[in-house]
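Line by line, the protein sequences give chains B and V. Taking full-length UniProt numbering, the leading residue of the first sequence gets 1, the next gets one more, and so forth. Taking full-length UniProt numbering, the leading residue of the second sequence gets 1, the next gets one more, and so forth.
By construction, these hints were calculated from the structure, which means they are not laboratory data. A hint or two may mislead.
Identical copies go unnamed one by one, so any copy, or any two together, can satisfy a pair.
Heads up, simulated PhoX-like pairs for lysine-lysine below, C-alpha to C-alpha not over 20 angstroms straight-line [unchecked claim]: (1) Lys129 / Lys94; (2) Lys99 / Lys129; (3) Lys21 / Lys79; (4) Lys105 / Lys129; (5) Lys47 / Lys79; (6) Lys208 / Lys254; (7) Lys99 / Lys21; (8) Lys182 / Lys231; (9) Lys79 / Lys99; (10) Lys53 / Lys182; (11) Lys231 / Lys185; (12) Lys47 / Lys21; (13) Lys254 / Lys53; (14) Lys21 / Lys94; (15) Lys185 / Lys21; (16) Lys94 / Lys185; (17) Lys187 / Lys53; (18) Lys94 / Lys208; (19) Lys254 / Lys79; (20) Lys208 / Lys182.
Protein chains: 2
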Amino acid sequence: MSQSLPNIQSGGSLMLSWQVKDRHVLVIGGGSVGLSRVNHLLEADAKVTVVSKQVHSTLRRYGEIEMLESVEARGFQMKDLQMYEEISREDLLKLDLSKPESLDKVDDFDRNQKFALVLVCINDHVLAKQIYYRCKQLGLNVNLADRPDDCDFYFGSVYRRGSLQIMISTNGKSPRLCNRLKNFKIKPMFDSLDISNAVENLGYLRDKLRAEVHPGDDSRTIEERMEWNRKITDFYSIEDWCEMDTNDVEQILKQYPELPQLGTTN
Amino acid sequence: MSQSLPNIQSGGSLMLSWQVKDRHVLVIGGGSVGLSRVNHLLEADAKVTVVSKQVHSTLRRYGEIEMLESVEARGFQMKDLQMYEEISREDLLKLDLSKPESLDKVDDFDRNQKFALVLVCINDHVLAKQIYYRCKQLGLNVNLADRPDDCDFYFGSVYRRGSLQIMISTNGKSPRLCNRLKNFKIKPMFDSLDISNAVENLGYLRDKLRAEVHPGDDSRTIEERMEWNRKITDFYSIEDWCEMDTNDVEQILKQYPELPQLGTTN
């Protein structure tokens, strides 16, 4: 009857990579906090709309060179939360999902009309709280800067090299320490490796394995592919993966389903 | 006219700490993927409901010792997506937010009734896709395991020490490499430091600063507090913060708004 359970450390956050590529995101407030949010969002290819009476000069410049979906240099209005919605929420709920055209409408609403996230970066706490409630009524994910209790999610310090991203969080205890850990611990370690090359090599290997070397969608094929992928990733050191090029990866793939003899790639 | 803009590397994800403490989260599918999702969710104190015909023995055990909100050992039904909702979506949209009782209803719906996240971990792709569309119609955030195009968010490899969490992502290119970077780079570096003590020290300092040493909610006070907090965090090395105890932090706070003379804490 005795069973060993995983050791769960509660009290953490759920760390997730949010997919906002080509999705609308609303930033209310165009000061320095708004700018920092927008920079994060642009790295993730979101379609960003900024609404703010005062707009930071960098945000204005982003607007001029069309990096943003829209810059509305005016006071916020509650209807801005549904700026791109073309179907009413009531009609959306009425759609019969057994009809293919309903699925298209739902998809279009989700991918092209609603705000995936709403970021409120203004000093007017009364207005901010009103926006919060309206977001909750509409089912929109929202973050109020400096109001941790009114946030569905927090931002952290992120180290980035190509496709590699490392986020450091202290669950709100010390954002400044996150920043220092990034600059003095993570950065020196990963800057000294050509780690984005390792990521590209392994991404290439995985794609080619799925598309050409061992294609198929049944669960046995998937399991075989994943198993070899795990083994081959572990077969070389991280440093080896950093130093390889596409030719080396091709040589490794040729030996599938075997693992290479040591020394075959160098 | 020339203006230097931040260097934006597009093609990334938006990395966020999601707040699911005491929020309902639905996991559909109780196999090994479902279990791994549940473990992540329990670390973040979510109220987890699992619906699955087959339930992994560990999940069953979690259910028995009441670590989960509910384990429904049966086939999924579409109405499960609204299992805890007490107000209809139509009525929710009709609420007049100028009335205080409406705000309570919206808050209760958001915090206690709707699923903050829905995680689909089943092999039946047709059913999974139907669940996806229904989630989108209801405005629920959803992740379909192994279907990156049908996900609002992805999971990554997470290193955890107390309140410190570090997530490593390669934007889907090589989850296995994330795992190795965690085990062979991040873990040795941070395990050798008493880093969770540093986080606790800085969290204590920040709370005490706000509550006792320099309280107040006006923007000038906030700015002064943040400025000193930044300076004091940078004044000592990361290793110093790891080695201090609460008495040392108290000594530092006594000198506010000055910075300590070097050598005062050791």
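We went through each hint and held it up to the structure:
| no. | hint | result |
| --- | --- | --- |
| 1 | Lys129 / Lys94 | between (30 angstroms within a copy, 19 angstroms between copies) |
| 2 | Lys99 / Lys129 | between (39 angstroms within a copy, 14 angstroms between copies) |
| 3 | Lys21 / Lys79 | neither (24 angstroms within a copy, 30 angstroms between copies) |
| 4 | Lys105 / Lys129 | between (31 angstroms within a copy, 15 angstroms between copies) |
| 5 | Lys47 / Lys79 | within (18 angstroms within a copy, 33 angstroms between copies) |
| 6 | Lys208 / Lys254 | within (11 angstroms within a copy, 61 angstroms between copies) |
| 7 | Lys99 / Lys21 | neither (27 angstroms within a copy, 37 angstroms between copies) |
| 8 | Lys182 / Lys231 | between (30 angstroms within a copy, 17 angstroms between copies) |
| 9 | Lys79 / Lys99 | between (30 angstroms within a copy, 18 angstroms between copies) |
| 10 | Lys53 / Lys182 | neither (34 angstroms within a copy, 44 angstroms between copies) |
| 11 | Lys231 / Lys185 | between (29 angstroms within a copy, 19 angstroms between copies) |
| 12 | Lys47 / Lys21 | within (7 angstroms within a copy, 29 angstroms between copies) |
| 13 | Lys254 / Lys53 | neither (60 angstroms within a copy, 41 angstroms between copies) |
| 14 | Lys21 / Lys94 | neither (28 angstroms within a copy, 32 angstroms between copies) |
| 15 | Lys185 / Lys21 | neither (30 angstroms within a copy, 29 angstroms between copies) |
| 16 | Lys94 / Lys185 | neither (53 angstroms within a copy, 51 angstroms between copies) |
| 17 | Lys187 / Lys53 | neither (37 angstroms within a copy, 46 angstroms between copies) |
| 18 | Lys94 / Lys208 | neither (43 angstroms within a copy, 51 angstroms between copies) |
| 19 | Lys254 / Lys79 | neither (58 angstroms within a copy, 49 angstroms between copies) |
| 20 | Lys208 / Lys182 | neither (33 angstroms within a copy, 25 angstroms between copies) |
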